[in-house]
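Chemist: Residue-level listing of the chains:
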Amino acid sequence: MELDVALEGDLLMKGLRKSFAAVSVLFLLVMAVSPMKDSLREWRQVQSRYNRYIESLPQRVKPTEPGLQQVWVPKLERVDRCVTCHLGLKEPALRNAPEPYRTHPAIYHDIEDFGCTVCHEGQGAATEYRESVGKVKYWSSPMLPQAYMEASCGKCHKEAEVPQAPTLNLGRKLLRDSNCAGCHAIDGYDKQWVPGLDGIGSKVNRAWLVNWLRNPAGYFAKTKMPNFLLSDDEANTLADFLMSFKQFAGNSPLDSLPRRLTAATEAEKTRLAERGSTRFREARCISCHAINGKGGYVATELGKVASKVSPVWLYSYIRNPKHFQPGVLMPRYRFNDIDLQGIVAYMQSEFLDYDADFPAAHTIDPGFYEKGLAIFRKYNCSGCHGLKGVSDLGERAPALTYIGSKKLYEIDFGKSGIDPTLPSFLKTKILYPREFSKSMKMPQFGYSEKEAEAIAVALLGCTDEKIPDEFMVRRPPGEKFSPQGEFGALVQDLACFGCHVMGGRGRPVATDLSLEASQTQRGWLEAYFKVPYSLRPMLTERMPNFFMTGGEIKTIVDYMETAFIADSLDHRVSGDPGDVAIGRGLFFERYGCHACHQVGSRGGYVGPPLDNVGARLKAGWVFHWLKNPQALKPSTIEPNNNIPDGEAEAITAYLMSLK
Amino acid sequence: MRSDTYLMMCAVVLVGCAGPNDGREKDHHITDSGRVAEVTVRNGSVQQMVGLSYEEQQGALLYNRYCAVCHGQEGRGDGFNSFSLDPRPRDLSDSIYMAALSDAQIEQTISGGGRSINKTQLMPAYGWTLSRREIQGLSSYVKTFATPSRTKKE
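Going down the list, the sequences are from chains A and B.
Quick note: the first sequence, position 353, residue 353 per the working numbering, numbers continuous.
Quick note: the second sequence, position 13, residue 13 per the working numbering, numbers continuous.
Derived by calculation from the structure, the hints in this document are not laboratory data.
Do not rely on the hints blindly, as some may be mistaken.
[To be verified] From the derived model, a few chain B residues whose C-beta atoms are all more than 12 Å from chain A:
1. Thr40
2. Ser53
3. Glu74
4. Asp78
5. Ser82
6. Ser93
7. Asp94
8. Ser95
9. Ile96
10. Tyr97
11. Gln108
12. Gly113
13. Glu134
[As the list claims (entries may be wrong)] If we take Cβ atoms under 8 Å as the criterion, some of the chain B residues that face chain A in the derived model are:
14. Gln48
15. Tyr54
16. Glu55
17. Tyr66
18. Val69
19. Phe80
20. Leu85
21. Thr120
22. Ala125
23. Tyr126
24. Trp128
25. Arg133
Backbone N, C-alpha and C define an ideal beta-carbon position, used for all residues, glycine too.
Let's have the full structure, built from the sequences with the hints guiding it.
Modeler: Okay, here's the thing in structure tokens:
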């Protein structure tokens, strides 16, 4: 009996032992799978290939230890394992190595402090190429393509001009100038001034308005107004609606045309027009108004303006622009009556649209006001244009404050067939706004592809990512310089901020005037206002002649001598002939200044000629300029030659002797 | 210094005419053996850069601002101001001359001016105006002007 049980138990044990052995072996094999998979990982091969590659280089490069490497940035809550494969990022010898071993291009942000994905996006914690780059369908934040790289700069850098980021700066400038804030709420962008529509019925003729509404760029190629792709019916109804607004803002009445313009003979008109054309050129209207495509683009095109507006409006407007368009940047020229009439006569004779058709007969639909108002609201015209009684009734567009963080599942790509990523959506939307659905209302701007990409870059920087304050670079909130009194009134009237910067405010088209009286002498300034001549031959733009009175010029120069001056820029220089001779030698022989500046018969054309500089500039300015030009005008291309004090004084003495 | 064995094709610099960009997608393929670099300048500012590395792009922007007025858009020494200068500015697309220069020599010329390399004082010294990184970027960009078959000696 006991033997049977024992035999059975023995068999059982043998069976158990066999199955135990089998299971153990199986278990061992299963356990081996994981280490085997680990040893065959993509990144291990990349690392061993790197070690083999650097042996072939002439320089000595430290080989990498096998293993995962990562950069951990706790402040930005990111872990980036890109450095596991990208091994040569800090190694200057690998500037021309194949990827992924190449040195990172020179940047101003340390990889240890910032990591990689804060700029490049993508999945930082991934260890396989495919996953990290994000070429996985519908992955919400794939790596940014190279064209959109500067978008990441925009996440932290909120200042006006971001260094080393031209695409971002261009995109932000376009966002601001196109007045996207008129319909879309975007952080940091305010609505720009756009001409109001009050009194439009007394200003333009109807045929012009219909053509304009149908295609603004047909009249003025660089207009900021986009094309709303209106149907003919919509354009006609809207034109009727707008032409019913005949009262100007502030109820200013139009002046009546003087007899000289209305009742003159042909010969008188021609003489008047000739006089007008001379004044027109002196006033340099072309600095802001393009004429048939040539000129500035601050204001509207004038080449066909006589076919657009009535002559009585032209006359009244040039005489006092702010009466009819409050807030406009146009200066009020001090033309006398005859000159003004001449200018109007000149424009009437020259600036005509010779291809305009005669306006067709048109009957006004009785319901035009309600229908026109509906169209006005539908396209949110009051987002840009003020119109009394009708503003703030339009339908706003989606806010763009966090557009950079928009999730892919929130985007309807329609039948467009584009790459399903956020950057390509933004670019396509900006180029062809109604591409994704028939019921969209966004108008078509005439951007090029590069411009659309730049705007997409600027928008991609508007994210809701929580970035700690120490990383953010914000524009310092400044007090807006607002001069008061007589000088302030003149600045408003003549729109000086349209071209000059003073006290940090204005447009940097012409020179910064904040230290003007430290720079130029009083006598020269007063003469300049009378005859603004071209100071730099290379520049195509000139200051207009505003025909100011002597009293107004004195007010301006007095103010400058009091406020736009810095005592620290004073410096006495001797007129000693010995110094002057030494200075001349340094000027020509040592520093070669005549490479860019003309003196007498020789010299270059880059900087202003220095023939009369002793009567134009002040000695202290010349001295400090020679010591460090960038401190006085940061955007100058004059190099800092590290001139010692004594030499700078000698050169200044020489220059001040040139009168 | 290291030797540069890349063959690069000529950097074609187009001065843009009036009119908007036609929006054509340019297919520029960057390979290890050859590159086509293109810089489009309109109204004095750089509009577009194609086929340039990051450093060369920074250099292109600086070149357009500081150097192009004498050395020309394509580096041929035919800039607007070049006709008033004697001697004329260096033709930087001269591959034979440029081939003999090392990186350090180019950077020294930019940084210390003509006098620092025993040439004319008409070439200004930018060492106190531009940072070392900017000068390196400029030097990278300047090297793209020379025609292919450029081999550099140390």
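Chemist: Compare the structure with each hint and give your call.
Modeler: How the hints compare with the structure:
For Thr40 (chain B), the non-interface assignment is contradicted: its Cβ lies about 9 Å from the closest Cβ of chain A, within the 12 Å cut-off. Non-interface call for Ser53 (chain B) relative to chain A: violated, since the shortest CB-CB distance, roughly 7 Å, does not exceed 12 Å. Here Glu74 (chain B) stays apart from chain A, with its beta-carbon at least about 19 Å from theirs, past the 12 Å limit. Every Cβ of chain A is farther than 12 Å from the Cβ of Asp78 (chain B); the closest lies at roughly 14 Å, confirming the non-interface assignment.
With a least beta-carbon separation of about 9 Å from chain A, Ser82 (chain B) fails to lie farther than 12 Å from that chain, contradicting its non-interface assignment. Every CB of chain A lies more than 12 Å from the CB of Ser93 (chain B), the least distance being 21 Å, so the non-interface label holds. For Asp94 (chain B), the requirement that its beta carbon stay farther than 12 Å from each beta carbon of chain A is met, with the minimum near 20 Å. The Cβ of Ser95 (chain B) sits about 19 Å from the closest Cβ of chain A, beyond the 12 Å cut-off, so the non-interface label holds.
Here Ile96 (chain B) stays apart from chain A, with its beta-carbon at least about 23 Å from theirs, past the 12 Å limit. Listed as a non-interface residue, Tyr97 (chain B) keeps its Cβ farther than 12 Å from every Cβ of chain A; the least gap is roughly 20 Å. The Cβ of Gln108 (chain B) sits about 15 Å from the closest Cβ of chain A, beyond the 12 Å cut-off, so the non-interface label holds. Not every CB of chain A lies more than 12 Å from the CB of Gly113 (chain B), the least distance being 8 Å, so the non-interface label is violated.
Taking the minimum C-beta to C-beta distance to chain A, about 10 Å, the non-interface status of Glu134 (chain B) is violated against the 12 Å cut. At about 6 Å, the closest approach between the beta carbon of Gln48 (chain B) and any beta carbon in chain A falls short of 8 Å, and the interface hint on this residue holds. A least Cβ separation of about 4 Å between Tyr54 (chain B) and chain A falls short of the 8 Å threshold, and the interface hint therefore holds. Interface hint at Glu55 (chain B): satisfied, since its Cβ lies 6 Å from the closest Cβ of chain A, which is below the 8 Å cut-off.
A cut of 8 Å between beta carbons decides the hint on Tyr66 (chain B): the least distance to chain A is about 5 Å, and the hint holds. Interface hint status for Val69 (chain B): upheld, as the beta-carbon distance to the closest one in chain A is roughly 5 Å, under 8 Å. For Phe80 (chain B), the suggested interface contact is upheld, since its CB lies about 7 Å from the closest CB of chain A, less than 8 Å. Annotation: interface hint on Leu85 (chain B) holds; nearest CB of chain A at approximately 6 Å, less than 8 Å.
The closest approach between the C-beta of Thr120 (chain B) and any C-beta of chain A is roughly 7 Å, which is under the 8 Å cut-off, so the hint is satisfied. The restraint placing Ala125 (chain B) at the interface with chain A holds, with a minimum CB-CB distance near 6 Å, inside the 8 Å limit. Because the smallest distance between the Cβ of Tyr126 (chain B) and any Cβ of chain A comes to about 5 Å, under 8 Å, the interface hint for this residue holds. For Trp128 (chain B), the suggested interface contact is upheld, since its CB lies about 4 Å from the closest CB of chain A, less than 8 Å.
A least Cβ separation of about 5 Å between Arg133 (chain B) and chain A falls short of the 8 Å threshold, and the interface hint therefore holds.
Hint compliance for this structure: hints 1, 2, 5, 12, 13 are not met, and every other hint is.
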